[in-house]
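Starting from the known structure of chain P, fit chain G onto it as the hints suggest.
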Amino acid sequence: MESAVQVERAGINLKPSGRTSEPSSIEMPVEPGKTVGNITVEDPIFSCRNVDVFYGEKHAIKKVGIDIGKNQVLAMIGPSGCGKSTFLRCLNRMNDTIEGARVEGSILLDGKDIHDKKQDVVQLRARVGMVFQKPNPFPKSIYENVAYGPRIHGLAGDRVELDEIVHSSLQRAGLWEEVKDRLQQPGTSLSGGQQQRLCIARTIAVNPEVILMDEPCSALDPIATARIEDLMEELRQSYAIAIVTHSMQQAARVSQRTAYFHLGDLIEVGETDRIFTNPRHKLTEDYITGRFG
Amino acid sequence: MNNTNKPQRTPQETQAIVERSLRRRYWAEHRFRTYGLAAVVAGMAFLVYLFFVIFSNGMGAFRQTELQLTIFYDPQIIDPAGTRKIEDLHAADYQALIRAAFKAKFPDVEGRAATREMTRLVSSSAAFDLQHSVVENPALIGTTEKRWLLASDAVDLLQKGRIERTLPEAERPLNDHQLAWADKLRSEGALGLKFNKTFVTGGDSREPEKAGIWGAVAGSFFTLILTLLLSFPIGVATAIYLEEFARRNRWTDIIEVNINNLAAVPSIVFGLLGLAVFIGFFGMPRSSPLVGALVLTLLTLPTIIIASRAALKAVPPSIREAALGMGASKIQMVAHHVLPLAMPGMLTGTIIGMARALGESAPLLMIGMVAFIVDVPKGITDAATALPVQVYLWSDSPERGFVEKTSGAIIVLLAFLVVMNTTAVILRKRFERRW
Chain P
0 MESAVQVERA
10 GINLKPSGRT
20 SEPSSIEMPV
30 EPGKTVGNIT
40 VEDPIFSCRN
50 VDVFYGEKHA
60 IKKVGIDIGK
70 NQVLAMIGPS
80 GCGKSTFLRC
90 LNRMNDTIEG
100 ARVEGSILLD
110 GKDIHDKKQD
120 VVQLRARVGM
130 VFQKPNPFPK
140 SIYENVAYGP
150 RIHGLAGDRV
160 ELDEIVHSSL
170 QRAGLWEEVK
180 DRLQQPGTSL
190 SGGQQQRLCI
200 ARTIAVNPEV
210 ILMDEPCSAL
220 DPIATARIED
230 LMEELRQSYA
240 IAIVTHSMQQ
250 AARVSQRTAY
260 FHLGDLIEVG
270 ETDRIFTNPR
280 HKLTEDYITG
290 RFG
Chain G
0 MNNTNKPQRT
10 PQETQAIVER
20 SLRRRYWAEH
30 RFRTYGLAAV
40 VAGMAFLVYL
50 FFVIFSNGMG
60 AFRQTELQLT
70 IFYDPQIIDP
80 AGTRKIEDLH
90 AADYQALIRA
100 AFKAKFPDVE
110 GRAATREMTR
120 LVSSSAAFDL
130 QHSVVENPAL
140 IGTTEKRWLL
150 ASDAVDLLQK
160 GRIERTLPEA
170 ERPLNDHQLA
180 WADKLRSEGA
190 LGLKFNKTFV
200 TGGDSREPEK
210 AGIWGAVAGS
220 FFTLILTLLL
230 SFPIGVATAI
240 YLEEFARRNR
250 WTDIIEVNIN
260 NLAAVPSIVF
270 GLLGLAVFIG
280 FFGMPRSSPL
290 VGALVLTLLT
300 LPTIIIASRA
310 ALKAVPPSIR
320 EAALGMGASK
330 IQMVAHHVLP
340 LAMPGMLTGT
350 IIGMARALGE
360 SAPLLMIGMV
370 AFIVDVPKGI
380 TDAATALPVQ
390 VYLWSDSPER
400 GFVEKTSGAI
410 IVLLAFLVVM
420 NTTAVILRKR
430 FERRW
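So the protein sequences, as listed, match chains P and G. Counting from 0, one number per residue, gives the positions in the first sequence under numbering that gives the first Met the number 0. Counting from 0, one number per residue, gives the positions in the second sequence under numbering that gives the first Met the number 0.
It is possible that some hints are incorrect.
[Stated by the list, open to error] In silico DSSO-like links for lysine-lysine, alpha-carbon gap of 27 Å or less: (1) Lys329/G / Lys111/P; (2) Lys133/P / Lys57/P; (3) Lys183/G / Lys159/G; (4) Lys133/P / Lys329/G; (5) Lys281/P / Lys62/P; (6) Lys428/G / Lys312/G; (7) Lys117/P / Lys329/G; (8) Lys116/P / Lys62/P; (9) Lys312/G / Lys133/P; (10) Lys377/G / Lys196/G; (11) Lys69/P / Lys33/P; (12) Lys61/P / Lys117/P; (13) Lys139/P / Lys329/G; (14) Lys57/P / Lys312/G; (15) Lys133/P / Lys69/P; (16) Lys139/P / Lys428/G; (17) Lys281/P / Lys61/P; (18) Lys102/G / Lys183/G; (19) Lys33/P / Lys111/P; (20) Lys183/G / Lys104/G; (21) Lys33/P / Lys62/P; (22) Lys329/G / Lys116/P; (23) Lys159/G / Lys193/G; (24) Lys196/G / Lys145/G; (25) Lys139/P / Lys312/G.
The set of hints was computed from the structure by calculation and includes no laboratory data. Source: prediction; values computed, not measured.
Here chain P stands alone, though its shape is the one from the complex (with noise of 0.2 Å):
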């Protein structure tokens, strides 16, 4: 019960299993860790097997193993409370932050095990950025939203070097042209799509090496949100992503890779371009089919 009100606290949408809708036939049974089609990349960044996440006696995650590659966006998608985002926050360990949380599994990122004793999680956060469903940004100005991540980290030397550092990530995420003239004004002041690319520009700017984006359109509007695919796909030259999404026109245009989540079972992974074209599974087929979710 406790976790529950923990969960919902932390923004995650987390429906107990039984009022997720069924499909209607199973045909082919799901095991925990069985997924259908080739859960491995080469040279992936993060590399996941056996993850299990418990939210004290739920079984949220099961078995789940992927890999994520550089250089790609891989999109999970799958019904609401399917486990996606509680998989995407494994992966910079958010779920600590989670009382009655348990992680299990390993998930090891450029080889070597985030959950290790040496592994730093402030460290890993830095390395690992998020991107979050509502746009978060902090309540203070344009600027110090960015330069935020960098101040803490020490990343910048001085006063320069900071501007340089605000600047060059406000253009990356597209944002420059339009918050040039106002950098001080409270980053709140800005319109639903500006503060998630400001979110995005936050979080590049202390130089991730993976960017975690859980369901980051869903709040907005579909102009905000083709900026933000195109985005995406800019981004996607420097880092690795993984995003959560609800819509899958939006996982077919972003992604190369998609993974389908279900009741906490990673039930297929494939090209994004086969999975929509051609699914293996049944839940998946029902699923990117509009029978259900």
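Quick look at chain G alone, frame taken from chain P:
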């Protein structure tokens, strides 16, 4: 259009039903607003009445009757030996100077009893004032000076119109002779109301005309400053620890329940605790602002902790996630993002706690801050009293002159409260930020 025989209501019927219920709904709303307005008006009326009574009673305390006499600093009385030694100047009979001045003013009055009655028109402290001036400036000896002297509390009441002249002589603080003399002095312009410097700058006294509020103000000031310095950091740190760092388990639950219970403990119990622990066990000086502040800290901590936790809870979790997601450590997250957003709420809790601490008298009685203290405290370990205790002490005094002092003390207490709260509100406004 409506000719078809449908079981559904026509739009007109539905509208009629809605309209009927509308009147009821509006009436309910109207009634509620009337109750609310009546409550506000009644509350305001009581408040206005209260302020009217306090101010009409208390403003007099800031003005004081003085009496003008021609004083001859008689060398024969002050320093018959002519040594001008400080000890001799101290020991002289200054009351005799006042007696002589009265005799000169009313030469037709004779007899010791009548003279004594006459000298009672001035305060018993007037002689000390003369002594003070002479010791300060021995050159006065031998000169004559027209001098305003502090009148007695009875003359003060007369001057302020608080003595019924029609009362039988025995029930009046001034007898017929004294009334006559006072009236004569007044007709000559030798009786006047002056700004009461003593009240504003002096300590307590047994004589109403010499009693001052400053000792209590200083006592309250030291006590509250120390209370604030102790309870705000401790309270905020406790709230932050419980809300942001502590794991939810049985222990934190017990602590939480206990903090909530402590907020409801009668204040006198805290006073007894302070007496037993701080004075009895640690041997701190009794009646001191230090002990008072420690007791009031215990009293205000639960309020500050509860309000601070509520303020922390109200900070959106998305801000915490954003900070943590950027790689901020937990303490950075709290210090950079959560605390600034929670600060206004924390300050509100502190205002409430400090306002309560300012008004508390019961626990201070227990630790001896109710003692009769004439000196203005100069530090946190000096014996002191506090404003509400001073109000209590004066309201309990039999002399009529203390009635207006009591109200005057209440005015000062309210002013203190207003100044304190205004400061806090300004601070809070400065911290307030929208997100």
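Provide an ascending list of the numbers of those earlier hints which the structure does not satisfy. Violated hints: none; all satisfied.
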